[in-house]
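Visitor: The residues making up each chain are set out below.
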Amino acid sequence: MNHLTDDQLLHLLDGTIAPTEHQRLNAHLAACKECRQKLAWQRAMTRSIKHQPLVAPSPRFTAAVMRRALVYERQSAFVHFLVRHGTMLALIIGLSIVVYAFSTIPALEIMQEAIHKLPPEEKMTQYVALANRAFAQYLQSAGEKIIDLAGAENIRLFILAMLVMAALALFDRLVRQQLKRIRS
Amino acid sequence: MPNQDFEIIQRILAGETRAYAELVDRHKDKAMTLAMRLLKNREDAEEALQDAFVRAFKALDRFEMKASFATWFYRIVFNVCSSALSKRNRAFEISINENGAADDLNMPAEASTPEIDIESFEFQQIVREEIERMAPAYGAILTLFFIQEFGYEEIVEVTGLPLGTVKNRLFRARMMLREAVLKRIRESVGEWESGRVKREQLI
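Going line by line, the protein sequences match chains F and Z.
Note that this note's numbering has the first sequence beginning at 1, numbered continuously upward.
Note that this note's numbering has the second sequence beginning at 1, numbered continuously upward.
To be clear, the hints were calculated from the coordinates, so they are not data collected in a lab.
The beta carbon of each residue, even a glycine, is placed where N, CA and C say it ideally should be.
Some hints here could point you the wrong way.
[Said to hold, decoys possible] Some chain F residues judged to face chain Z by a derived CB distance under 8 Å, without partners named:
1) Leu10
2) Trp41
3) Leu54
4) Pro59
5) Arg60
6) Thr62
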């Protein structure tokens, strides 16, 4: 029989050889000193490679990785919040727009009117009292506005706000579905 | 072992971010060894490994618990190191040319193996030095097979190479290493022999 090939030697060492082939090769090895020597060498090489010391990174390596990972986590917390709570956020933003639209404009008008009506000499001394009065007027006026909610203009604004909220919620859902698809 | 990885990952995903340090500690030495085999430079290897760990952290919520974390993570390490190597020069592409090292592998059948203690420290050191000198593509495959104890399929997954190429490259790597080590030992024995002859002549 010819000498064992390098491939056969490696398969013998790795235990990736058929049992019948194994017997045949072992029979040759028993009779061939040269092949035994080569096998012993290859075995020693394999053992040596397996037992080579690992290369450790510097002692502060883990701390450095964690620093970078935690910075990323803080940065991405806002993005994660947006992704996870997008629908809720869209609703809050929409409601805030509605509340703002119905409340701030009359309040500003009332405040400006009150300030214009003040006599110049009383401006400083009665500032707080006038502000309080303006606030009270605002409340009264706002109450009247709320009663007037059924007006055609307000209904249009309300429907528009609802449509914006629905569009935002739909957009949010689509983005999340798309993200899930990309990730999977 | 993999169960411990999964347990740590579950803790991280549940909000215990600092548990990632445990995962880093579990894998950093073996991963650093792989990075060193690829990049051949400590600073570059450490930087690449940091990048790989941070990337893995960012993508951890996409890791599927059915797979092995080690295989998934070493694919990231391999990709980061390959990119770094490609940026540095084109050595990586050159080194993985399959025809490049073929001529050096044919060891004559009658070549004798020199008499040396194969358990000795010197032998271990020669093997280590020769592994370090190997082309990145071969050194990395050896490391994945012997140090990570990955099978062929796992190496295919990590490197993205076809199965045939992985088997071929591993065979070549082992043969190249054997040749290089034998050459070094023959040289050492030759030097010692010539020194002995000179010493005898002097006496």
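Visitor: Hint by hint, say whether it matches the structure.
Guide: We went through each hint and held it up to the structure:
1. Because the closest C-beta pair between leucine 10 (chain F) and chain Z is about 6 Å apart, less than 8 Å, the hint holds.
2. A cut of 8 Å between beta carbons decides the hint on tryptophan 41 (chain F): the least distance to chain Z is about 5 Å, and the hint holds.
3. Checking leucine 54 (chain F) against chain Z by beta carbon gives a least distance of about 4 Å; that is within 8 Å, so the hint holds.
4. For proline 59 (chain F), the interface hint is violated, since its Cβ never comes within 8 Å of a Cβ in chain Z; the closest pair sits about 11 Å apart.
5. The beta carbon of arginine 60 (chain F) is not positioned within 8 Å of any beta carbon in chain Z (closest approach about 10 Å), and the interface hint is therefore violated.
6. Given the 8 Å rule on beta carbons, the hint for threonine 62 (chain F) holds: about 5 Å separates it from the nearest Cβ of chain Z.
Violated hints, in rising order: 4 and 5; the structure is consistent with all others.
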